[in-house]
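2 protein chains.
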Amino acid sequence: MRGQGVSHLSRLELQILGDNTKMGWGLLAPIRSQTVSRSLLYNRRLPHSSFTPYFFQHFQPPSGLTLPSETMAKDMTLLWGSGSPPCWRVMIALEEKNLKGYNHKLLSFDKKEHKSEEVMKMNPRGQLPAFKHGDKVLNESYAACLYLENQFKSQGNKLIPDCPAELALMYQRMLEGLTLHQKMIDDITYNWKVPEGEKHDSAVKRIRESLTAEIKLWEGYLQKTSGGFLAGKTFSLADVCVYPTIFTIFRFGLCEERYPKLAAYYNRLKDRPSIKASWPPTWLENPRGEDIMKDI
Amino acid sequence: MRGQGVSHLSRLELQILGDNTKMGWGLLAPIRSQTVSRSLLYNRRLPHSSFTPYFFQHFQPPSGLTLPSETMAKDMTLLWGSGSPPCWRVMIALEEKNLKGYNHKLLSFDKKEHKSEEVMKMNPRGQLPAFKHGDKVLNESYAACLYLENQFKSQGNKLIPDCPAELALMYQRMLEGLTLHQKMIDDITYNWKVPEGEKHDSAVKRIRESLTAEIKLWEGYLQKTSGGFLAGKTFSLADVCVYPTIFTIFRFGLCEERYPKLAAYYNRLKDRPSIKASWPPTWLENPRGEDIMKDI
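Chain order of the listed sequences is D and L.
Under the UniProt record's numbering, residues 1 to 296 are what the first sequence spells out, in order.
Under the UniProt record's numbering, residues 1 to 296 are what the second sequence spells out, in order.
Treat the hints as calculated values from the structure; they're not laboratory data.
Any given hint could turn out to be false.
Identical copies look the same in the list; a pair holds intra-copy or inter-copy alike.
Below, a list of computed lysine-lysine pairs in the DSS-like style, where the Cα atoms sit at most 27 Å apart [said to hold, decoys possible]: (1) LYS158 - LYS74; (2) LYS224 - LYS136; (3) LYS153 - LYS136; (4) LYS233 - LYS276; (5) LYS216 - LYS136; (6) LYS105 - LYS132; (7) LYS132 - LYS224; (8) LYS270 - LYS224.
All chains should be modelled from the sequences, with the hints used to inform the complete structure.
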């Protein structure tokens, strides 16, 4: 099996990581580094995006006046890479909490900008996202999501449910999401992550079997959980954190017919405003990924 | 380097995992499965343990009466393995929240009891801990800790700080702890985790270098953070989650002189009641681990 699948990936396809990984990024695709307003970036690219209205782009509330529905988060900075699920998590959380107008900079993994001094100052592991609110640094995407919900409880959508049963399921699925993510990464990156002399077909097979078992578990979860979201009836931090991973697996060719519940979830959430507004720009340019997971 | 270090581990030393892992446990040491009250178990073993007083072992509060300082958590069940940091996290959190008298069962990794029907019903990955509160299942140790703090906010010690700066640091260190844990596990388990034909000295070296860089990062964190805990002046969920990993690294021989801040933290928290009361019983029997990390 060695050499199959992953070696055929376009380099654009490999921008799927961020934090939680130990890799260099020499193989990744060129993305021009750009510091632009989020609204400009997405308005230009997304055909049906939820645009930031002109009013909110230019309106500065007088001191003392807070808008009930959204905050101009000018004291937040996000350094991010396109197509990285950890970066996407944080961007979805910011949208859900109606935190608009934050400073952000799209960096190129290909140019190793994630190892630049600018990133290393905020994130000494040299990974993206690198995020801060004022002088509070939150580079771990799960940490940033938990913090944003805690600090902006009454703003935007509530992401931690009150009902103890939904709460328990939410934390459980959210944290299990890290296992799904890691198994996906192990499968996708084997060929370029493992040095040539250390590659073994048996390892490729074992990693694929482990990912397959994991995906079946999630299909089962969605069969048992009614309500349409990972923790029941409410969109929650579990969805914020795990959706980018599930999306990536389908982008890499997972068969929708074989995993109907996961596919329904994947397709339904595509249209959620927070997800649409933060869609990875390189994936707009290349809507289809390689089909390396089609046989799972 | 192949064959060094890990192959000399006593089998008892290998009981350091739980959730967040993908391994079978055929090599692990025999521990007799036992269902006993926690207080009996620890009272017998720990010389200075914080015993559960007789009153609380036998007192049943009348319906409607809650005790301000501790709760008889008879609707909680924990299946656990000795020496597993993920299991230890949950036990420390239960102690911190003064949740006493929960049902628990010590299982043997060596006998593959973590793959038993009893565990699989609660945790389909066949890992420990397997934890539930009523019918709410929380097998991911981080999920269980977050849930317990959320549901028992006003009981025992507060584990999520109010101060935004401490809160941000708490979430960041807590989630970074998973990276430290994974790098430790990769190092310790390489020789028995990787099949014989797939072992490479170059991989052992790379894993060791990655762990070394990670440990240096944490030594630096503790140099910069005043207050004695991972997120400052207050013992928090970051300590609950990361201390068992740091303890395990020292148990495997990390040089205290070379990492003085980490060593001071490791030694100071040994005496914390929640940690003392939940000390892994197999580590009481074998207080010293193998010195496989002495050269880091």
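Going through the hints against the structure:
For the homomeric pair LYS158 and LYS74, the shortest alpha-carbon distance inside one copy (22 Å) is at most 27 Å, but the shortest distance between copies (31 Å) is not. Taking the shortest Cα distances, LYS224 and LYS136 sit within 27 Å of each other only across copies (14 Å), while inside one copy they are farther apart (39 Å). When the C-alpha separation of LYS153 and LYS136 is checked against a cutoff of 27 Å, the pair qualifies both within a copy, at 18 Å, and between copies, at 24 Å. For the identical chains of this complex, LYS233 and LYS276 are intra-copy neighbours only, at 20 Å inside a copy versus 41 Å across copies, given an alpha-carbon limit of 27 Å.
Proximity of LYS216 and LYS136 under a CA criterion of 27 Å is satisfied inter-copy only: 21 Å between copies versus 38 Å inside one chain copy. For the homomeric pair LYS105 and LYS132, the shortest alpha-carbon distance inside one copy (12 Å) is at most 27 Å, but the shortest distance between copies (43 Å) is not. Taking the closest pair of Cα atoms, LYS132 and LYS224 come within 27 Å of each other only across two copies (18 Å); inside a single copy the shortest separation is 38 Å, beyond that limit. In this assembly of identical chains, the alpha carbons of LYS270 and LYS224 lie at most 27 Å apart only when taken from the same copy (22 Å versus 42 Å across copies).
In this structure, every one of the numbered hints holds.
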